[in-house]
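Student: When you get a sec, could you build the whole thing from the sequences and use the hints?
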Amino acid sequence: MSTAPKRITDIGPPRYDQYLHPVIKKNYGKWEFHENIEPGIYCHVAESGDRIYTVRAGSPRLLSVQSLRRFADLADKYCGGYLRFTSRNNVEFLLDDPAKIEPLKGELRASGFPVGGTNNAISNIVHTQGWIHCHSSATDASGLVKCLMDAVYEHFTHEDLPAKLRIAVACCLNMCGAVHCSDIAILGVHRLPPKVQPELIRRLCEVPTLIASCPTGAIRPATADGKPSVTVVEDQCMYCGNCYTVCPAMPLNDPENDGLSIWVGGKVSNARTAPKFSKLAVPFLPNHPPRWPELVEAVVKIVDVYAKNARKYERVGEWIERIGWPRFFQLTGFEFTRYHIDDFKHAGLTYARSAHVRF
Amino acid sequence: MDNEKGDGHVPATPLLDELENGPWPSFVKEIKSAAQSSESAQDLLGQLELSYQEKKGHWKHGGLVGVLGYGGGVIGRYSDAGEQFPKIAHFHTLRVNQPAGWFYTSAALRTICDIWERHGSGLTNMHGSTGDLILLGTTTPELEPTFQELAQAGFDLGGSGSSLRTPSCCVGMARCEWACYDDMKLCYDLTMAYQDEMHRPPFPYKFKIKCAACPNDCVAAIARADLAIIGTWRDDIQIDDAEVAAYTAKGLSIQKQVCDLCPTRCMEWEGGKLAIDNRNCVRCMHCINVMPKALRPGKDRGAVIMIGGKAPIMQGALLSSVLIPFVPAAELMETLQELVRRIWDFWDEYGNNRERVGELVQRVGLPAFLDGIGLDPVPEMVASPRDNPYIYFQAQKGDER
Numbered sequence: 001m002s003t004a005p006k007r008i009t010d011i012g013p014p015r016y017d018q019y020l021h022p023v024i025k026k027n028y029g030k031w032e033f034h035e036n037i038e039p040g041i042y043c044h045v046a047e048s049g050d051r052i053y054t055v056r057a058g059s060p061r062l063l064s065v066q067s068l069r070r071f072a073d074l075a076d077k078y079c080g081g082y083l084r085f086t087s088r089n090n091v092e093f094l095l096d097d098p099a100k101i102e103p104l105k106g107e108l109r110a111s112g113f114p115v116g117g118t119n120n121a122i123s124n125i126v127h128t129q130g131w132i133h134c135h136s137s138a139t140d141a142s143g144l145v146k147c148l149m150d151a152v153y154e155h156f157t158h159e160d161l162p163a164k165l166r167i168a169v170a171c172c173l174n175m176c177g178a179v180h181c182s183d184i185a186i187l188g189v190h191r192l193p194p195k196v197q198p199e200l201i202r203r204l205c206e207v208p209t210l211i212a213s214c215p216t217g218a219i220r221p222a223t224a225d226g227k228p229s230v231t232v233v234e235d236q237c238m239y240c241g242n243c244y245t246v247c248p249a250m251p252l253n254d255p256e257n258d259g260l261s262i263w264v265g266g267k268v269s270n271a272r273t274a275p276k277f278s279k280l281a282v283p284f285l286p287n288h289p290p291r292w293p294e295l296v297e298a299v300v301k302i303v304d305v306y307a308k309n310a311r312k313y314e315r316v317g318e319w320i321e322r323i324g325w326p327r328f329f330q331l332t333g334f335e336f337t338r339y340h341i342d343d344f345k346h347a348g349l350t351y352a353r354s355a356h357v358r359f
Numbered sequence: 001m002d003n004e005k006g007d008g009h010v011p012a013t014p015l016l017d018e019l020e021n022g023p024w025p026s027f028v029k030e031i032k033s034a035a036q037s038s039e040s041a042q043d044l045l046g047q048l049e050l051s052y053q054e055k056k057g058h059w060k061h062g063g064l065v066g067v068l069g070y071g072g073g074v075i076g077r078y079s080d081a082g083e084q085f086p087k088i089a090h091f092h093t094l095r096v097n098q099p100a101g102w103f104y105t106s107a108a109l110r111t112i113c114d115i116w117e118r119h120g121s122g123l124t125n126m127h128g129s130t131g132d133l134i135l136l137g138t139t140t141p142e143l144e145p146t147f148q149e150l151a152q153a154g155f156d157l158g159g160s161g162s163s164l165r166t167p168s169c170c171v172g173m174a175r176c177e178w179a180c181y182d183d184m185k186l187c188y189d190l191t192m193a194y195q196d197e198m199h200r201p202p203f204p205y206k207f208k209i210k211c212a213a214c215p216n217d218c219v220a221a222i223a224r225a226d227l228a229i230i231g232t233w234r235d236d237i238q239i240d241d242a243e244v245a246a247y248t249a250k251g252l253s254i255q256k257q258v259c260d261l262c263p264t265r266c267m268e269w270e271g272g273k274l275a276i277d278n279r280n281c282v283r284c285m286h287c288i289n290v291m292p293k294a295l296r297p298g299k300d301r302g303a304v305i306m307i308g309g310k311a312p313i314m315q316g317a318l319l320s321s322v323l324i325p326f327v328p329a330a331e332l333m334e335t336l337q338e339l340v341r342r343i344w345d346f347w348d349e350y351g352n353n354r355e356r357v358g359e360l361v362q363r364v365g366l367p368a369f370l371d372g373i374g375l376d377p378v379p380e381m382v383a384s385p386r387d388n389p390y391i392y393f394q395a396q397k398g399d400e401r
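Residue numbers (the numbering used here), protein chains in the order written: chain A, 1 to 359; chain B, 1 to 401.
Each statement offered as a hint is correct.
Non-contacting residues of chain B with respect to chain A, defined by C-beta distances greater than 12 angstroms in every case (computed):
hint, residue
1, Asp300
2, Val340
3, Leu366
Quick list of in silico lysine-lysine cross-link-like pairs, DSS-like style, CA-CA up to 27 angstroms:
hint, chain 1, residue 1, chain 2, residue 2
4, B, Lys299, A, Lys25
5, B, Lys250, A, Lys312
6, A, Lys30, B, Lys293
7, A, Lys227, B, Lys60
Worth flagging that the hints you see were computed from the coordinates, not collected in a lab. No experiment lies behind these values; they were computed from the predicted model shown. All C-beta atoms, glycine included, are put in the ideal place defined by N, C-alpha and C.
Tutor: What follows is the structure in structure tokens.
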């Protein structure tokens, strides 16, 4: 008989209240209000009068066990071992003693993790795997994020924008980062149809599933050397890569033609205006690692123009709706092209269906 | 590429080194840190440098790899440059179901670090886009032992493929005064109720559940979840007049920055008194966000249930739309379990391969979907009634001619 421990499955995650700070456990569901002490620092006050302080720091999301242990050490030293992460890859330390905030901030800065990202700041960028770990990426993701955050760093550590500004990066149309509702979204795009590799189709793919995978019906049955294969009606292909996801014989990666697009004005919060999709600002920029200067310049341009022109509490999309898209293109200097006009499903919904024109 | 070793542990990476400059924390430094003791992190650096030189990825499609008895939770990944970088020839990722609200203790983090250092690259994502704790890169033989050590420590894998993806939630009642229901508990209870659907993919495509405890939606449920549970309230916003006055004394313009930005103009500021026409308040959160000490959500709390959010693949991105305008907090779990069962039955019956539930609703129409899951239509489900007259009337008695 084997003496190995019994195999464990389907236990689910740790119980939801297992890792909560004692002050949080005591005041769970009984918080009264919060105060913003300074960028990156919140104080939440409970009905009992208890206070919990949060110190938020940015991280690169991709973290080594060495950095995680560094976070654990800081949590032990300053907050009884209690910490959490945010939906935007920040780390948050939870303190009950405000006297420990300054020394913790100092150690975080010394370790290279900036404190900030709250309220009307640019928070950390949500993003995808890119060349670190993805098969379908049109660009890297971590590298873009690093370059963009370097460029807007002062807006992370200062709450100096009209409203919160949320940036997201997705390295292909799959959008694992769901960038489609962000104030500014960077999306990696392919620009040429997949190159069909018939000998691989035979070995690796199911032709009917492959044909069904195309949103525009551009993939048609064909025979190659008497065996089932496919052809692509190139005019109908919009390079989404869905066929490649279901069938590795349809690669679209192309170092010279893949690139980046920029989308603006989306939001998920219901505050003031309804949640909205990001809209196309720049259809294509070249993919220039390691520092992507064209992309960084364009994003900084959008942030600067928004910071200068938007009213207090106006998100990017709300600001553009007030001033109109023509003015957005005028202020940013981005060229308006035929690619900005939708020609996919429900395209007409985005056409100007009134005589309202600004001059 | 030139595979010359840099400082004895890591390969020379002139392009990646450029990403160690600048004030923002560098992921390259993180990989180099792991590479001091992890050979796979060394090869990851080498391959990534190659990607930066050639401007293309070097990962092949995932194969079917995983742990015994599960159909998900592991993303199989193989290098197409495995001869050059043998330590990442397989470099599979484990998705570990995160604790609700991403709360940890230092001890829990260290446990995970120790397990991952023994079995994998020593690299993580805190966290992946869906919410999981990502353990980035190990070999096929290490998957099962890693999983079992995680399980012994109280952690389980999350979802992948055509499964229920790992549900996620915001910080909720743990540290937010705006939480309209206990979303950490609900998220945990739903996750526990559907372990089988998470670990053994049964669906036409992925299904995501996200719990946001108020309409600020800090987990982007409305954009990203097939089923979004977004906290709200039915009664009146709670006002503390003295605190309203304190905000004005500190320079806040209640008229300009609060009333004028209210989407339904349901607020009036007259004679130093704030009045809210709560019947016309849509619970957008703006005024409460601006004055958290003066205004609070009402006391009759619950959630709006929304369906169909997703990113573009395949038929285009969708925002979720209203399915049930309000469920009281105490009834959420029971209501959702019944609703989810009906949605999954309908999707199982009528959904195409790789068709998200939101796309199915678009294809068959919301009325047919409502018939299918046994919900009555209510005006809260639409921004407006239809504006085209092409109505498919249903047959009824007396139609015969």
